[in-house]
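Line order of the protein sequences matches chains A and B.
Taking this note's numbering, the leading residue of the first sequence gets 158, the next gets one more, and so forth.
Taking this note's numbering, the leading residue of the second sequence gets 348, the next gets one more, and so forth.
Derived from the structure by calculation, the hints contain no laboratory data.
Misleading hints may appear alongside valid ones.
Said to hold, decoys possible - Straight-line distance between alpha carbons at most 27 Å, and here's what the computed BS3-like set of lysine-lysine pairs gives:
# : chain 1 : residue 1 : chain 2 : residue 2
1 : B       : Lys690    : A       : Lys230
2 : A       : Lys336    : A       : Lys361
3 : A       : Lys164    : B       : Lys588
4 : A       : Lys164    : B       : Lys434
5 : B       : Lys668    : A       : Lys256
6 : B       : Lys655    : B       : Lys737
7 : A       : Lys164    : B       : Lys598
8 : A       : Lys294    : A       : Lys200
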Amino acid sequence: MFHWLEKNPFFFSVGVFVVIAFAGLVEIVPSFAEAARPIVGLKPYSVLELAGKEVYKKDHCIACHSQLIRPFKAETDRYGQYSVSGEYAYDRPFLWGSKRTGPDLHRIGNYRTTDWHENHMWEPEELVAGSIMPAYKHHFTNIADIETAYAEAVTVKEVFNTPYGDEIKAGEEAWNAYKPQVLEEAKAIAVDMKHPEVHEALKKGEVPEIVALIAYLNRLK
Amino acid sequence: MQSNASLEYDYSVAKLFTYTTILFGFLGMLIGTLIASQLAFPELNYMFGEYGTFSRLRPLHTNIVIFGFTLSGVFATFYYVGQRVLKVSMAESPFLMTIGKIHFWLYFVGALVGVITLAMGFSASKEYAELEWPIDVVIVIVWVLWGVSIFGLIGIRREKALYISLWYYIACFLGIAMLYLFNNMEVPTYFVAGGIGSVMHSVSMYSGTNDALVQWWYGHNAVAFGFTVPIVAMVYYYLPKESGQAVYSYKLSLLSFWGLMFVYLWAGSHHLLWSTVPDWMQTMGSIFSVVLILPSWGSAINMLLTMKGEWNQLTENPLIKFMVLASTFYMLSTLEGPIQAIKSVNAIAHFTDWIPGHVHDGTLGWVSFMIMAALFHMAPRMFKREIFSKKLMETQFWLQTTAVVLYFTSMWIAGITQGMMWRAVDEYGNLMYSFIDTVTVLHPYYAIRALAGLLYLTGFVMFAYNMYKTITASKRLEEEPQFRSPMAA
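Using the sequences provided together with the hints, build the complete structure.
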């Protein structure tokens, strides 16, 4: 049979494809619907939090930080309750990471505060002696793209039925109507922040990346 | 079908991909060395503002070495090996020639745009699938063009039976096509949201645990079909060619091929041990990872036994050294992987530096050694000149071998140290170390790893120089060498 296959490239390719596709079908498909179900009471990310998640993705925080607490005593002691599947139901993409050069962040919102993050992102060494994490000073001047975050909320609502309210809908007009809410949420975070450039930007109706990022980190609980 | 002694193969596309292999190899390894140094010396994060931090550069490193260096190597060798084992020249078909050239240029432009967008921070943040959707579309087209080249050449072949290497190239083509398509399923937000926000942005079709499963089914098997399958294709062609020895066993190659195809895909979930993925999937991942030793070692042993009775070549020909050591590192790497996939070992190893350590004995010792050996072997045939310097090649070999050993030993120690410290408790059952203690302790190992990177990079520069001199200034050859590649002392 194998000699015959080697002379018939078409059937050879079909054979290879069937053999390699098999595992994915058996492993991924059966639990698909179940694994997508949220835990009770899980809220979708706010637009500001989504913008913060975008900062997290843009600067590729998963290169050094996980968001997955494994069911070991050493991990639950250090980071809190182990992670369960339904907590991630609104995570597109999942951000578990694969390397902990820094600590896990899945429940960082339980034990770090807005001002801690502000100081830490400005100069990590000041708060954690010996830290090898770089400072992210550009988060204080770069402006977060809240419009794209809103577009993401609309998309997941329309395509995946993520439970957002009726005020989240497609189009420029809806976005302009919604934008003040995002700014309010950002201002509430910035109350605990001391960098003047953050407040200046907010006054102009812009949200610095650091504010969005902290909103996202505070949400991780 | 052996009457084609006069057949002139056309290497124009193979040559183009050879150049990009060297270019992306240098760039990727340069960034790799920089980010390795940043972990030892964090001040190095601030050289290029927001574009120079470890976190922004790390995806650049992985994408350039995977999709730049390795894929270029795969394409370069395919456009060389494909013609030769099928006994047809690209020059015979203007159509395939055009497809090949478009394939190259679209790939090159796509790769450059990909590098730039990643540096700017456009990222889907799924490992090795970071590129945003417009670039994904380009990649799919590039891949289809490669498929046209493969099956086009097969369509006009004179040699009816497909040689082993081609099995692996076909598998690489099909495997990556399937994995890439499914993992990069994403919805561009701009269109759904009625034209607001960034055009580049998209959301993954899968969420949470499902996304993790699809991602590591992809991530693990992108390694399989990008770093293993096409590299096995290379060793099956170049080692017998360079040594003048026939492949040891046809049956063993058959067993290894079909075994690898069937088993590899199951093992992806070993990246998700102790996660929220269902237990039975984790167990499947563990078991199949261990089974995977069989087909992997099957290929490696087949290669080593090909040298049976001819081991003297190892001392005489540095190219044989590269390929034999590559096969040996392949064995090391495919034994280490299954060990890490055992659940109790994984509990310590996961999230630590042992994982990048494992990746790099495979990529530096196996993938990169094999690609460089392949390029060295092709150079005298494509450019009709002898290899510029054997001495330089020898030095490069020992420098890079030292580098790989330093790399994985330091990362073994770093990973196991950190894994043990995370879980260490005192006599009352309290955690003994704060997280930062487990970071500062790694400094010496990070420094050793950075040194290893520097040594390997230096070796790669020697390789690039040797290739450059071979192409431009070496002694011309009257006729094509049959087996051993000619080289000046």
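Hints, verified against the model:
no.	hint	verdict
1	Lys690(B) with Lys230(A)	holds (16 Å)
2	Lys336(A) with Lys361(A)	holds (13 Å)
3	Lys164(A) with Lys588(B)	holds (22 Å)
4	Lys164(A) with Lys434(B)	holds (14 Å)
5	Lys668(B) with Lys256(A)	violated (34 Å)
6	Lys655(B) with Lys737(B)	holds (24 Å)
7	Lys164(A) with Lys598(B)	holds (17 Å)
8	Lys294(A) with Lys200(A)	violated (30 Å)
The structure does not agree with the numbered hints 5 and 8 stated previously, though it agrees with the rest.
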